[in-house]
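Take the sequences, apply the hints, and build the full model.
First to last, the protein sequences are chains B and X. Residue numbers for the first sequence follow my numbering, so the first one is 1 and each next one is one higher. Residue numbers for the second sequence follow my numbering, so the first one is 75 and each next one is one higher.
Hint data in this document are derived by calculation from the structure and do not stem from the laboratory. Note that beta-carbon positions come from the ideal geometry of N, C-alpha and C, so glycine has one too. Check each hint, because a few of them may be wrong.
Derived DSS-like pairs: lysine-lysine, alpha-carbon spacing no greater than 25 Å straight-line [unchecked claim]:
1. Lys98(X) - Lys42(B)
2. Lys98(X) - Lys164(X)
3. Lys29(B) - Lys163(X)
Each pair of labels, with its calculated beta carbon distance range [claimed, not checked]:
4. Arg13(B) - Tyr214(X): 41 to 47 Å
5. Pro190(X) - Glu14(B): 34 to 40 Å
6. Leu215(X) - Asp31(B): 45 to 51 Å
7. Gly34(B) - His189(X): 28 to 34 Å
8. Gln32(B) - Thr199(X): 23 to 29 Å
9. Asp10(B) - Tyr214(X): 41 to 47 Å
10. Thr50(B) - Ser241(X): 30 to 36 Å
11. His82(X) - Glu14(B): 30 to 36 Å
12. Gly121(X) - Glu14(B): 43 to 49 Å
13. Lys207(X) - Glu54(B): 35 to 41 Å
14. Asp56(B) - Tyr99(X): 18 to 24 Å
15. Lys55(B) - Glu89(X): 31 to 37 Å
16. His189(X) - Lys29(B): 33 to 39 Å
Read off the chains here:
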Amino acid sequence: MNSVGEACTDMKREYDQCFNRWFAENFLKGDQGGDPCTESFKRYQRCVQTAIKEKDIPVDGVEFMGPNKDKPES
Amino acid sequence: MKIWSTEHVFSYPWETVIKAAMRKYPNPMNPNVVGVDVLDRSLDAEGRLHSHRLLSTEWGLPGIVRAILGTNHTQTYVQEHSIVDPEKKKMELCSTNITLTNLISVDERLLYRPHPDNPDLTILTQEAIITVKGLSLGSYLEGMMAMRMSANAIKGWDAIEWIIKNSERENVPLCDIY
Numbered sequence: 001m002n003s004v005g006e007a008c009t010d011m012k013r014e015y016d017q018c019f020n021r022w023f024a025e026n027f028l029k030g031d032q033g034g035d036p037c038t039e040s041f042k043r044y045q046r047c048v049q050t051a052i053k054e055k056d057i058p059v060d061g062v063e064f065m066g067p068n069k070d071k072p073e074s
Numbered sequence: 075m076k077i078w079s080t081e082h083v084f085s086y087p088w089e090t091v092i093k094a095a096m097r098k099y100p101n102p103m104n105p106n107v108v109g110v111d112v113l114d115r116s117l118d119a120e121g122r123l124h125s126h127r128l129l130s131t132e133w134g135l136p137g138i139v140r141a142i143l144g145t146n147h148t149q150t151y152v153q154e155h156s157i158v159d160p161e162k163k164k165m166e167l168c169s170t171n172i173t174l175t176n177l178i179s180v181d182e183r184l185l186y187r188p189h190p191d192n193p194d195l196t197i198l199t200q201e202a203i204i205t206v207k208g209l210s211l212g213s214y215l216e217g218m219m220a221m222r223m224s225a226n227a228i229k230g231w232d233a234i235e236w237i238i239k240n241s242e243r244e245n246v247p248l249c250d251i252y
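Here it is in structure tokens:
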């Protein structure tokens, strides 16, 4: 599966693999300590937030600057 | 406004179903979903996992349709918030479209729980509120959307089953002669 930002796909896959493993082996078994994915998530997030701003995707909670702010919703 | 709801039972226990639900895309039944990103993820004070995700969907709308809709974009976006409660065994997902919002609003809620009569099964309740805005054919189009959602819901259930079956195959050893 790709990321919304083409450049982020590899980072997304690395994070997803880490998360899916933690989710199945730790979280669902009652062990919520020590998230091993924080570093890969940070890298991935930086990329995704940039892509969202570049593509002007109206995500809740993402700040938009510039002349496009008032354009009609697409 | 159109309200649509349905229920489906999976022949797998809850943990198996939600592991698949978390990894639902890509799958052959939902080829229109072309991108999934996690925007945020955290545990709350009750130990529940919250995830905010962005889904990109590509419908391959012909140019003339896009011109009528007044959009140059070929992809539509959906924002989803999910909560997994591992103690109460509940997974809830709420999603809404964040593009084409001047035309239509589709709010969907899915809830996965163990079946009350049989813990080896999982029950999914799915409901949606569809509102078409500003058009005199509003209620007709809402009806069409509801039919489309029913068809897509069935694809969604097949997708979960497909993910589960493909994961099961990964765990079967090729040879048991050791």
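Structure versus earlier hints, numbers of those that do not hold, lowest first: 12, 13 and 16
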